[in-house]
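**Q** So you can see what is in the structure, the chains are spelled out below.
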Amino acid sequence: MSPGCRQSELGPIAEAQAAANVRASLSEGAEAGTGSSAAGSTGTGWATLKGRFVFDGTPPQMQPYNVNKDLATCTINGKAPLQQTLLVDSATGGLANVAIYIRKASRVHVSLESPPSRESLFDQKECIFLSHVYPLTLGQTMQIKNSDNVGHNTNIEGKNSFNQTIPAGELIDFTPQKEEAVPVSVRCSIHPWMLAYFLPRKNGYYAISKPDGSFEIANVPAGEELEMQVWHESAVGPGHALVLDTPDAKKLKWSKKGRFKIKLGEDEVKDMEITVPAAALGG
Amino acid sequence: MIFRLKYLRLFCCLAVVVAAGCDTVEPSFRLNMVEAVSNDTGDAYQQEIQNVLGGMFGSPDAPYVLPETGLDQARLQVAAGPAWSDQAGTNHGLYRRHCVHCHGINGDGRGPTARFLNPYPRDYRPGIYKFKSTYNASKPTDEDLHRVLINGVPGTGMPSFSLLPGSEVESLVEYVKYLSIRGQMETALIRYVYDDLDEEEALDEKGNPILDPNGEPVMLRVPLDPENEPDQREAILEILGEIVDGWNAANEGIIVPAEDQIPSDSRTPEEIAASVVRGRELFYGVKANCVKCHGPTGLGDGQQDDQDYWNKVNKVFLESLTQKTSPAVEAVKQEVAATLYPVRNAIPRDLRLGIYRGGRRRIDIFWKIYAGIAGTPMPGLGPASAGATGTLTEAEMWDIVEYVLSLPYEPPSQPQKALPENLNPISSAG
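From first to last, the protein sequence lines are chains A and B.
Each residue of the first sequence is one higher than the last, beginning at 4 in this note's numbering.
Each residue of the second sequence is one higher than the last, beginning at 688 in this note's numbering.
Hints in this document: simulated from the structure, not taken from any laboratory.
Every residue, glycine too, gets a C-beta built ideally from N, C-alpha and C.
Heads up, some of the hints might be wrong.
As the list claims (entries may be wrong) - Just a few of them, taken from the derived set where beta-carbon distance is under 8 angstroms, the chain A residues facing chain B: (1) Leu-13; (2) Val-25; (3) Ser-117; (4) Ser-120; (5) Gln-167; (6) Pro-170; (7) Gly-285.
Claimed, not checked - What the simulated footprint calls covered on chain A by chain B, stretch by stretch (three residues with Cβ under 8 angstroms from a Cβ of chain B suffice, anywhere in the stretch; the number is not a length): (8) 171 to 185; (9) 203 to 212; (10) 251 to 260.
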């Protein structure tokens, strides 16, 4: 193509013959399919996966949020609150807000088949979402609360697209319907510095690491391979997947998509300490 | 001499062909590179995704749709391809005649004129539309898209196409939906490849992993090959089904205001004035919060720091450039970043102009207040879906409609003084 005709065009274009073949096969329908590719259940019994994410490096200083509206409510003693993009516990080096969850569970323990409670609170105060990484089991109703004396709106991206005004001091119910493969952002357009992440999952096989970096997922299927997804908002992997190449991670065959596979014995309690080098979080 | 002349002629012919350049090249759909690079889609997968899309949707000159899409192939054919008219006077290539110079061949809102327009032309590929009669998360109805084509979008570069014959407008609506469904499928395929197709350990005849000289297992890429992989075929048709279901459900997502709440045409001036006063209270109050973005004067000078969906995608991509990654990824990202237009903030509408992009009827403004504006920071005040909890009642939303419609007519010499905000903090106990 002669230069100047078009703006820069990146990437390949379809190959006619290959496209024709795909068309022919898709037009036949999917009768030949052998069903879902999810692993069939092979094991019995249940186990517990727990552990701790530990940050290896000098934790970065969190910058204050760019608070430019409703200063009386959104600042504390005249100071803007600090961002939460990478929180490390100064005493233990624990890394908070890492999401770890089973990608596809072949079977689900009876205690996790239905959500732990019908309602789940998602609160905001001083113009900060109080759950920075907020998981939800589908079937639960999200009670979006505004504990401030100014109005907010809660704008959830992704498959459960939602954007509604939450009046001062009030509570609005929202029941998400769709699972996300990785957490999606939640923002407030009135106060654009406000940011949280939302992870709706079909079952309760997820954990968000606590301020000390610890996590626990109980009653996971034992005797079969579990594929875990690990995510952190500052991770440099695709879609913020937490990609590790430490020797320990190599033993787990940690993938470039922030995944590893693990097989637990019946009633086993697996306790892992996972070291996260600063470089994995862009440091 | 004759010999030389022959070559001279040949050379001239060649020169003409080369100079014609742009027009002689059949356009192709290009990949959404922001999505591809963000999802780590390698070159081989990029080619395979393009082949699958080519099979499912054809090309700009020869569009094709699977029957599952419910789209009308004949209408698409009239809208697609080069612009020309046959002897009977029927126009072909309507999209390229009327739309492509802004919305682009891919429907990505990146035609040659796009860079000079503010707002940028709509990128159809995410399938998100602002001006519609449905809940925030719902797709627009055919009628919604039709209305935008007929009315244009006042205050933007989008003109009215009301002079086109009805059948041509219908063909264009069909083609816009086609570009959206194709664009949604493209992103979904990129994510499917990322999520579900992974490397596998290479196995020898005995089923044991093959090891490289360092003792590490040799990894093989699992190709995207629905032709030979029934499971992939099934997954792709399932993804397409979900996308098409969204469009088919648009008519069920229409917001129908309660009959008894709709303001009557026979209201007295006093009743209308009272509604304006109530709407004004809500506009400035902490329940509806309109003032926060549209500003105390309604000039749209409140919060201006947020972006709409389309700009935010680019902003997030550009911000990812500051993270340290491998030099190879860095280079590809820079190459894609160089093609993006500057990110623009979403500036809240100036409500004193009397220009309403999504239409000036009361119902148009009611829909916006009820559902918010999809893809933008503007939140809704009504329930997010049928049966959900709303922030305001319909009567209150009609009052805000009334106040908004009164704003352009407030005499400029008597500017409204902003009401003090947040005088009564709520109790923080409990």
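**Q** Could you run down the list of hints and mark each one as holding or not?
**A** Each hint, compared with the structure:
Hint status for Leu-13(A) relative to chain B: holds, with the closest Cβ pair at about 5 angstroms, below 8 angstroms. Interface restraint check: Val-25(A) against chain B, minimum CB-CB distance 3 angstroms, threshold 8 angstroms, status holds. Given hint, Ser-117(A) at the interface with chain B, is violated; its Cβ is 21 angstroms from that chain's nearest Cβ, farther than 8 angstroms. With its C-beta approaching chain B no nearer than about 18 angstroms, Ser-120(A) sits outside the 8 angstroms limit, and its interface hint is violated.
Taking 8 angstroms as the C-beta cut-off, the interface hint given for Gln-167(A) holds, the closest approach to chain B being about 5 angstroms. Interface hint at Pro-170(A): satisfied, since its Cβ lies 4 angstroms from the closest Cβ of chain B, which is below the 8 angstroms cut-off. Given hint, Gly-285(A) at the interface with chain B, holds; its Cβ is 4 angstroms from that chain's nearest Cβ, closer than 8 angstroms. Judged by the Cβ-Cβ criterion of 8 angstroms, the segment 171 to 185 of chain A is covered by chain B as claimed, because 8 of its residues qualify and three suffice.
Coverage of the segment 203 to 212 of chain A by chain B is violated in this model, with 0 residues showing a Cβ closer than 8 angstroms to a Cβ of that chain against a need of three. Restraint check on the segment 251 to 260 of chain A versus chain B: 3 residues with Cβ-Cβ distances below 8 angstroms, three needed, restraint holds.
Of the numbered hints given earlier, the model fails hints 3, 4 and 9; all others are met.
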